[in-house]
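Q: Construct the entire structure; sequences and hints are all you get.
2 protein chains.
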Amino acid sequence: MPDAPPPSITPTPTGFTLLGLLSFGRELSGYELKRWADNLRFFWSAPAMSQVYREVERLAAAGLVAQRQVVRDGSRSTKVYRLTPEGERAVRDWLAAPPDPPVLRHPVALRVFFGHLLDPAVLRVAIEAHRAWCDDMLDQLGAVREGLGDDERWRNVAVVADWGLDYYRGERAAADGIEKTITAPE
Amino acid sequence: MPDAPPPSITPTPTGFTLLGLLSFGRELSGYELKRWADNLRFFWSAPAMSQVYREVERLAAAGLVAQRQVVRDGSRSTKVYRLTPEGERAVRDWLAAPPDPPVLRHPVALRVFFGHLLDPAVLRVAIEAHRAWCDDMLDQLGAVREGLGDDERWRNVAVVADWGLDYYRGERAAADGIEKTITAPE
DNA sequence: GCCAGCATGTAAGGAGTTACATGATTAT
DNA sequence: ATAATCATGTAACTCCTTACATGCTGGC
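Chains as they are written, first to last, in my numbering: chain R, 1 to 186; chain Z, 1 to 186.
Derived by calculation from the structure, the hints in this document are not laboratory data.
Remember, predicted model here, so these are calculated numbers, not experimental data.
Idealized CB from N, CA, C, for every residue including glycine.
Accuracy of the hints is not assured; some may be wrong.
Here are the in silico distance ranges between beta carbons for each label pair [said to hold, decoys possible]:
1. R:Q69 / Z:D176: 46 to 56 Å
2. R:D135 / Z:D93: 21 to 31 Å
3. Z:R155 / R:T78: 52 to 62 Å
4. Z:K79 / R:D135: 38 to 48 Å
5. Z:A121 / R:G25: 20 to 30 Å
6. Z:A121 / R:D136: 29 to 39 Å
7. Z:D166 / R:P101: 11 to 21 Å
8. Z:R68 / R:G147: 31 to 41 Å
9. Z:S50 / R:G147: 41 to 51 Å
Listing some non-contacts, in silico: residues in chain Z with all C-beta distances to chain R over 10 Å [to be verified]:
10. S8
11. R35
12. E57
13. A62
14. V70
15. R72
16. P85
17. V103
18. R111
19. D139
20. R145
21. G147
22. D151
23. V157
Stretch-level coverage of chain Z by chain R, calculated; a stretch enters the list once three of its residues show a Cβ under 8 Å from a Cβ in chain R [said to hold, decoys possible]:
24. 12-23
25. 43-52
26. 88-100
27. 113-124
28. 127-136
29. 160-170
30. 173-182
A: Written out as structure tokens, the structure reads:
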């Protein structure tokens, strides 16, 4: 008699992204999955460590990933996960479904919208902080992009990285534009 | 003896945005607040109806808004809310705090990232759906922008609307660019 | 007569966060 | 030695959503 059929729970969005990360073929630990997931932060929300552990357990319970105990360095042991065929089917189906609209929460836009409640100097500080954040993201994403090179295997990832670089450059330019509007009201 | 001091709870982000909406000076019902909040959807998440009612009750309990029973049309009655001085202080302080980084969740970027799991034709459909969504947002936001005119009272709102029009135009252009990359792989 | 819009809520649950708790290994 | 990184989890809580439930009013 084969194993009991895994309970058919539907993964959360984060669960699906973890399946996606495992679809690159490597066996990863929860810790490694978190670090890979952090690379999605340029266009997606990176999950908390604790959620990665919770989700990957759920995925294992559902049979979408296979768990394996690995002993490293003699005594220390780690759980690693790899995608099962069912898991791959699940991500594929999830991705093939019509996409939800993008989610955007833009604190700077919100502050301009409610600009009558803010001292212009404070608003300007917020805009400048945003620009600095954009620069930071551009640095980080630029580094990622360089690491990808033109390796055929990371072609799609590179496309997204290039898209992201444009996105954050646009974001930065928009911040500059808004700041001018604020500083020179008439 | 004055009224018991209102319990000092901190509003949720949605609660603060409701305070912000009330800071434009009008007394609004829960229903009207929801419709006003929907105008934030171009750069912020619009709350569900039920959450608006829950939050506005909490704000009233905290003394940040004042509730008033209004009888319309003889029998029908509505609760309307207006901002109290404490409420105004609370939003101001919230907005003056350093902004959180923007939140972005971009399903199309995610699909490109995991492009190896998708039939190119399906990916193209997703990109085209995204472009259609951008066009829709541009239409809606354009209509909002026109309604604002150059009324001095809506100056900041108009600045955000103009920013949004640029944002969605950029989004649309990026979708076109990505689609070309996908269609012509070499 | 019926449907769209106005109007208000409750109940249940989903998805995620922060804070806490623990401990081994590696590099400085 | 001590700090950073690797490694794994639990508990409590927040914020928000969907589904449900109800009823009035105005226009076609």
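Q: For each hint given before, does the structure comply? Return the numbers of the non-compliant ones in rising order.
A: 8, 17, 18, 23
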